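With chain A held as given, fit chain B onto it using these hints.
Listed in order, the protein sequences are those of chains A and B.
Adding 750 to a residue's 1-based position in the first sequence gives its number in the working numbering.
Adding 750 to a residue's 1-based position in the second sequence gives its number in the working numbering.
Note that these hints are calculated values from the structure, not bench results.
Note that the structure is predicted; figures quoted are calculated from it, not measured.
Using N, Cα and C, we set each Cβ at its ideal position, and we do this for glycine too.
Mimicking BS3-like on lysine-lysine, the simulated pairs with C-alpha atoms at most 27 Å apart in a straight line are: (1) A:Lys1272 / A:Lys1183; (2) A:Lys813 / A:Lys1148; (3) B:Lys1187 / B:Lys1155; (4) A:Lys1148 / A:Lys879; (5) A:Lys775 / B:Lys1088; (6) B:Lys879 / B:Lys1148; (7) A:Lys1040 / B:Lys1088; (8) B:Lys1187 / B:Lys1249; (9) A:Lys1088 / B:Lys775; (10) A:Lys1155 / A:Lys1187; (11) A:Lys1232 / A:Lys1038; (12) B:Lys1040 / A:Lys1088.
Now the in silico label distances, taken between C-beta atoms and shown as ranges: (13) A:Asn903 / B:Thr1152: 49 to 55 Å; (14) A:Ala1172 / B:Val809: 29 to 35 Å; (15) B:Gln752 / A:Thr916: 21 to 27 Å; (16) B:Glu876 / A:Glu1124: 46 to 52 Å; (17) B:Glu919 / A:Ser899: 57 to 63 Å; (18) B:Arg789 / A:Ala1247: 42 to 48 Å; (19) A:Gln1030 / B:Gln1060: 47 to 53 Å; (20) B:Arg1092 / A:Gln883: 50 to 56 Å.
Read off the chains here:
Protein chains: 2
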Amino acid sequence: MQSTMMSYPLTLAHLLERAGRCYPKTEIVARMPDRSLHRGTYCDFYRRARALASALRGVGLGKGERVATLMWNHAPHLEAYYGVPVAGGVVHTLNLRLHPEDIAYIVNDAEDRFLIVDDVLLPLFEQFKDSVQLERVFVVPLTGRPIPSAYENYEELLQSGQSEFTYPELDENDAAGMCYTSGTTGRPAGVIYSHRSMVLHSYTILLSAVFGMSSEDVVMPVVPMFHVLSWGVPHALPMIGGKLVFPGPHMDPESLVDLCEREQVTLCTGVPTMWLGVLQLLEREPGKHKFAAGMRIVVGGAAAPEAMIQGFDRHGITVIHAWGMTEMSPIGTVSRLKSHLRDLPEDQRYALRAKQGCVVPFVDARLVNDHGQEVPADGITMGELQVRGPFVTGSYHKRAPTPDKFTADGWFRTEDVATIDAEGYIKVCDRTKDLIKSGGEWISSVDLENAIMGHPAVAEAAVIAMPDAKWSERPLACVVLKPGMLASGEEINAFLAGKFPRWWLPDDYRFLSAIPRTSTGKFLKRALRQQIARATGQAT
Amino acid sequence: MQSTMMSYPLTLAHLLERAGRCYPKTEIVARMPDRSLHRGTYCDFYRRARALASALRGVGLGKGERVATLMWNHAPHLEAYYGVPVAGGVVHTLNLRLHPEDIAYIVNDAEDRFLIVDDVLLPLFEQFKDSVQLERVFVVPLTGRPIPSAYENYEELLQSGQSEFTYPELDENDAAGMCYTSGTTGRPAGVIYSHRSMVLHSYTILLSAVFGMSSEDVVMPVVPMFHVLSWGVPHALPMIGGKLVFPGPHMDPESLVDLCEREQVTLCTGVPTMWLGVLQLLEREPGKHKFAAGMRIVVGGAAAPEAMIQGFDRHGITVIHAWGMTEMSPIGTVSRLKSHLRDLPEDQRYALRAKQGCVVPFVDARLVNDHGQEVPADGITMGELQVRGPFVTGSYHKRAPTPDKFTADGWFRTEDVATIDAEGYIKVCDRTKDLIKSGGEWISSVDLENAIMGHPAVAEAAVIAMPDAKWSERPLACVVLKPGMLASGEEINAFLAGKFPRWWLPDDYRFLSAIPRTSTGKFLKRALRQQIARATGQAT
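Chain A on its own, in the form it takes in the complex:
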């Protein structure tokens, strides 16, 4: 039996029209390279995004063709987020923290046709421009300085747009955006989002059970817009008209704290490293900063240490712990305390908040063991976390799906090892590849790291597997101490005792000045293993 409902596609064109018609006066604030604040409105955004769409059609952008961006977080990037897809194109955000060679690889793999680039990022572009074939390059004059004659001016492109623009016909399954995995292993791989997946992801993260964003919120996406579409915030917030505050290129703790205070930001997003820096700043200057009441920070991209969640609580700021992947648009889980768990003892509440949390609507999750069997959700048994849903990828651009990434019955393999408890809270214990297999049992490197980082002398810790003749593998801890602090391996193991079975405790400690990281701030354990192996003369 057919429903009588209209066939109406879920596209970004609706969201853009809604932003312009329902919320013309909502503010969009962005920090410029010279630290000044640029103030605009949704009305400006609406007009300029439509002008961009019209202009891109004018210069011949065809359906499904890619427009790359090499940009910080600011209003013109938001225009590209909407203007490209509503013109029928695909916005492809380039990660400016990658090595120029990797960026070139990605531009070529995606077959990008046009590029929009911040003037302040031209020096980066020029490092790889000869390795790519971009038809036209539009430069955003953020600094106000003249555009080098080799390039075109983005503002002039916009001026060529017609105000009477009509959107081309868009199917909700049409490609709308493209991001590459950060690739801790292997070459980056392209994930292509559809209008539908972006709309459904937007609806999802707005929910009170997820980010909980409202029209009254002032949201500062600190997650770069070149990193999984800034976790979807720039597509979600205009749906309900919340105010946007962009940090531009100024991502240091001082600038972020200043902007939070100035604009009375109520919600931020970002990776733990970023917020650890902010927390250290607040601890140095207790009570100095006046934030909006009820301020929240959504932390993801890596596990939020329990100590960090507690630390922000002391400053009246609530950390909301989320987990996701580029392949998931990216939000998969959020850890929020359910009403009936509010009265648990404090330590249990923090332990729950430090878990990755419950799946968001329209993400299915299951745990599968080495034998391909689903394991029980008992909070103890570990298994590989597999997911599916309308905003989870089913393949990679130009690559045949392989069984190490996708199961035969259509689930995405996250390569995370996790547990799920009876309340549905997921705890990511490790990456499949980082798990330490000792005497036939599994040791979570992440659990050890988080516990070690709870030691007052420890700034950072990464735990890796070392080959062991008797146990197959044994944990080795690499620790960065806080400036002026000292601690031995024995002292740290004494601190850990009681938190874990004895056989989990690291056999060895190495004290380093820094732990190698990926461009998105995650520990790069592959590099760490190589470094330790070289130092000990072992084969990796």
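Relative to the frame of chain A, chain B by itself:
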């Protein structure tokens, strides 16, 4: 270019699985016919809805076949809301306030195969059972009394379900639910919702900019579950695990207030008539009742009078004004004050809150005049409100779309006359058919009614057009006075003076003991016109 996202349908099966897996301990409370409270959990709901689905497949329910319900608001009705569609069937809620002949017409038009009926509603069913061909009738033993031998027991049906039930393959465009328009004119017409439309409507009403429901909310849907699927709340709330409180058959103000207090309800839904009764109760006993802090009531189905919004504010309860139609799943607009309008003078804020409000995400709206031209959104110019979106109907069951209901370019004609202001707030001025056309200008009967209801002596008012030789039509006001109060037409017109142009004021007043209403509580102006015409000896 194809996106790489998975093809994953938006179905109620996901919502049911989510409710059971993520929120097993959330409570569902329902008032029974004997006034006792039945307490269950989402875990019970999940098991019983799946048992129902399995049992319905067992008794041969095929894809797209209709299962009618004749039930109050309670847990078994919620089971049917999910159990029927996840079995591949279509849940068709019968409006028990209709005349038995109309119910029979609707059952036959929908070709319902099975019926689930509350035992307390069997006397109603028996008034039309001989006019319909239902294959099996399952009776819910709400009272605990034995089921008459002519019928089957719903609990026994559930027991026949298998616990290892696998959902049939569901397409998101499959029919999932069915409701009939209340039909102020003509025969009721069937609207068929899809899994997709229900999921998208659920996402929409959860948003902070719409109903704003969270996992912490305790929601009492007073809107009957037989009335446009209780405005979608029973499908939306389980998505985020909020607690549900059902009033059962006890819909009187005393019972509702008692339940709000007992369960500390934070959000209710209902038509103005219902809440006017509650407000009168509160005014009689000021300060007696202790409600949850921040309690909200979503009011729709008819315009919420400004005086009612103010009245509830005095008791610390916020009225959220919404507008919709059976054809819209049903929510189309919600009136919430935008942040930058918070500082307006009080009277302007109330005037905005008394408007129908801004369209919700994924509803498009436009105003069209008698010549088929779109009119400007200036807050003054009236036009017929036309809408479209993924949860707006594009036709009626078994009826060819007619130009009085659907435009050639695919919009649904609401038959409401409205204005839209520069901020996007829609104000419904009248039904197309109730608009008073006086001397070539339009007079809104609804505006007059709301203003008259602001007079301290007036309980209810309905304004209708009377034929007039000179002006074509002139307004006549039908007024029900509050008990023990008196007011003349002259006094009321003096009260209205200044609020409207002079030529808007009614020429004549009639004082009645009641105004005829539809089964869903709306003024039945057709009947009122006939009544007045009979009294004055005029032709209608």
